[in-house]
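Please model the entire structure based on the sequences and the hints provided.
For the protein sequence lines, the chains are A and B, in the order given.
Heads up, the first sequence is in the numbering used here, so the first residue is 1 and it goes up one at a time.
Heads up, the second sequence is in the numbering used here, so the first residue is 1 and it goes up one at a time.
Watch out, some of these pointers could steer you wrong.
[Unchecked claim] Interface residues of chain B toward chain A, partial, derived using beta-carbon atoms under 7 Å: (1) Pro38; (2) Ala100; (3) Ile139.
[Unchecked claim] If the Cβ cut is set under 10 Å, some of the chain B residues that face chain A in the computed set are: (4) Lys17; (5) Glu20; (6) Met59; (7) Cys75; (8) Asp80; (9) Glu102; (10) Pro107; (11) Val116; (12) Leu122; (13) Asp129; (14) Lys142; (15) Val148; (16) Ile155.
Everything labelled a hint here was simulated from the structure, so no lab data went into it.
As the structure is a computational prediction, the values presented were derived from the model and not from experiment.
A virtual CB, placed ideally from N, CA and C, is assigned to each residue, including glycine.
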Amino acid sequence: MKYALFLGCTISIREQNYEMATREVAKKLGIEFIDVEDFSCCGFPIRPTSAEASLLIAARNLAIAAEISEKICTLCNACTSTLTEANKELNNDKELRKKVNKELINIGRKFKPGLNIKHFSRILYEDVGLEGIKKKIVNDLSCLRFSVHYGCHYLRPSGIYDYFEDAENPSTFEELVETTGAEVVDYKNKLDCCGSPILGVEENIAHSIAKRKLDSVKENKVDALITICPFCSIMFEKSQKKIEAKFNVEYNLPVLYYPQILGLALGINIEQLGFRMNKIKPDALLGKVIGS
Amino acid sequence: MIDSKELDQNFKYEVSKEIEGANITRCFACGTCTSSCPVREIDNKYNPRKIIRMVLLGMRERVLKSNFIWLCSTCCICDDRCPQGVNLTKIMTALKNIAAKEGYIHPFFRGQARLVSTFGRLYDVEDFDNKKRMKLGLIQVKKNFEEVTKLTKNILPKEAIQ
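If you want it as structure tokens, here you go:
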């Protein structure tokens with residue numbers, strides 16, 4: 001299983017624990033990554049300013065990928081949706097493809113149809129498979145209880161993902177977490193947005209959106225909230241102290257990336273999973289695992 | 001109060017010509033978007049059904065100069081649930097794109113557009129960042145993408161990159 005790894009901007013600069021854990025988990029499960037230095041931003045952040053510029057940036061990345069591997073692995077939900085949508089539109093619309101290639105030719109690139117883009121979690125679910133993961137589990141995490149946050153762009157718009165999940169009632173992320181032996185605890189607003197895309201527009205609204213989720217997750221007394229997108233994680237983890245201060249509440253809720261807990265279950269050394277970089281220290285849950 | 005003299009009947013067609021605006025005239029105002037919206041639940045000033053209605057009525061200046069069009073979190077719940085396939089997230093993008101061209105771009109997104117067009121990334125990667133990556137045993141990342149700068153410079157509204 002070989003994939004060109006699309007890291008995106010935020011993971012490589014701010015959320016390296018996600019990258020470290022992903023690389024270790026991939027190694028353990030026989031997934032090979034090709035690092036591509038020329039991959040830039042996916043195009044998502046520029047879309048509100050110009051959808052055309054966003055499409056061109058995505059198309060450039062896809063053109064580069066086509067020279068290396070037909071399969072791309074993404075880690076960020078926003079990168080996943082931006083690249084998947086651009087790929088779909090350029091595959092289906094010959095006129096658009098012509099127009100985009102006319103621009104790409106100026107920088108010596110060309111989009112070619114036939115690429116396949118998948119988020120790492122979807123690769124784990126579909127290409128490695130639950131049984132494939134379970135076979136490699138050496139540490140049972142049944143002493144832990146987690147809640148999951150999918151993140152909007154992992155599921156929606158569901159049409160661009162060919163409806164691989166039921167976006168109103170998804171289950172694949174829970175199933176992935178359950179391979180570790182941990183219990184997954186459902187909560188009422190699981191599918192709500194984290195609020196991060198408007199953090200820079202109106203911080204109070206973004207924080208209120210995140211607070212609603214943190215409130216319901218905390219109510220269930222889980223050991224951590226598990227995410228698969230750097231923006232969602234920044235919202236729930238890096239902004240948690242600010243939200244606590246603003247609304248006079250206390251969460252102290254660890255927010256971990258799925259590959260970090262999967263890595264624990266796969267017996268990967270804790271140092272290699274980047275827990276030290278987590279702002280809300282997961283020491284209590286790590287203690288339970290090491291002590292058990 | 002809506003003053004009919006201030007309405008621009010062509011606005012909806014202008015929006016539908018944008019690459020993300022095609023389906024706006026399909027809206028029959030059922031309100032599924034508004035009742036599903038996580039932002040509206042917190043603050044009523046962002047109300048997708050109302051915004052679509054304002055566009056269809058031709059309230060061009062009020063929509064483009066507003067702060068509310070920048071509040072769509074792009075969660076796409078409304079897109080998935082809309083019975084008419086209006087693609088509201090795309091419509092909001094189309095409105096933001098027109099607003100940006102008219103010089104009403106929100107400073108947050110202007111900042112992001114500048115970073116991406118200048119560096120090809122959302123961040124100005126410094127030596128410190130690559131040193132940190134090296135310490136963590138991770139590969140170095142590229143700092144500049146001239147191809148991205150070249151690709152975007154004639155397309156982005158001047159207001160966004162100057």
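Cross-check of the supplied hints:
1. Hint status for Pro38 of chain B: holds, given a least beta-carbon distance of 5 Å to chain A, under 7 Å.
2. Checking Ala100 of chain B against chain A: minimum C-beta separation of about 5 Å stays under 7 Å; hint holds.
3. Of the supplied interface hints, the one on Ile139 of chain B holds, with its beta-carbon coming within about 6 Å of a beta-carbon of chain A, less than 7 Å.
4. A cut of 10 Å between beta carbons decides the hint on Lys17 of chain B: the least distance to chain A is about 12 Å, and the hint is violated.
5. Contact between Glu20 of chain B and chain A, as hinted, is supported at the beta carbon level, the nearest pair being about 5 Å apart and thus within 10 Å.
6. For Met59 of chain B, the interface hint is violated, the least distance from its beta-carbon to any beta-carbon of chain A being 20 Å, above 10 Å.
7. Given the 10 Å rule on beta carbons, the hint for Cys75 of chain B holds: about 4 Å separates it from the nearest Cβ of chain A.
8. Checking Asp80 of chain B against chain A by beta carbon gives a least distance of about 5 Å; that is within 10 Å, so the hint holds.
9. Against a cut-off of 10 Å between C-beta atoms, the interface hint on Glu102 of chain B is violated, since the closest Cβ of chain A lies about 12 Å away.
10. Of the supplied interface hints, the one on Pro107 of chain B holds, with its beta-carbon coming within about 9 Å of a beta-carbon of chain A, less than 10 Å.
11. Annotation: Val116 of chain B was flagged as interfacial toward chain A, and the flag holds, the nearest CB pair being 5 Å apart, inside 10 Å.
12. With a cut of 10 Å, the hint placing Leu122 of chain B at the interface with chain A holds, because the nearest CB-to-CB distance is about 4 Å.
13. Annotation: Asp129 of chain B was flagged as interfacial toward chain A, and the flag holds, the nearest CB pair being 5 Å apart, inside 10 Å.
14. Contact between Lys142 of chain B and chain A, as hinted, is supported at the beta carbon level, the nearest pair being about 5 Å apart and thus within 10 Å.
15. The closest approach between the C-beta of Val148 of chain B and any C-beta of chain A is roughly 5 Å, which is under the 10 Å cut-off, so the hint is satisfied.
16. The interface hint given for Ile155 of chain B is met, as the beta carbon of that residue sits about 5 Å from the closest beta carbon of chain A, less than 10 Å.
Hint check: violations occur at hints 4, 6 and 9; the rest are consistent with the structure.
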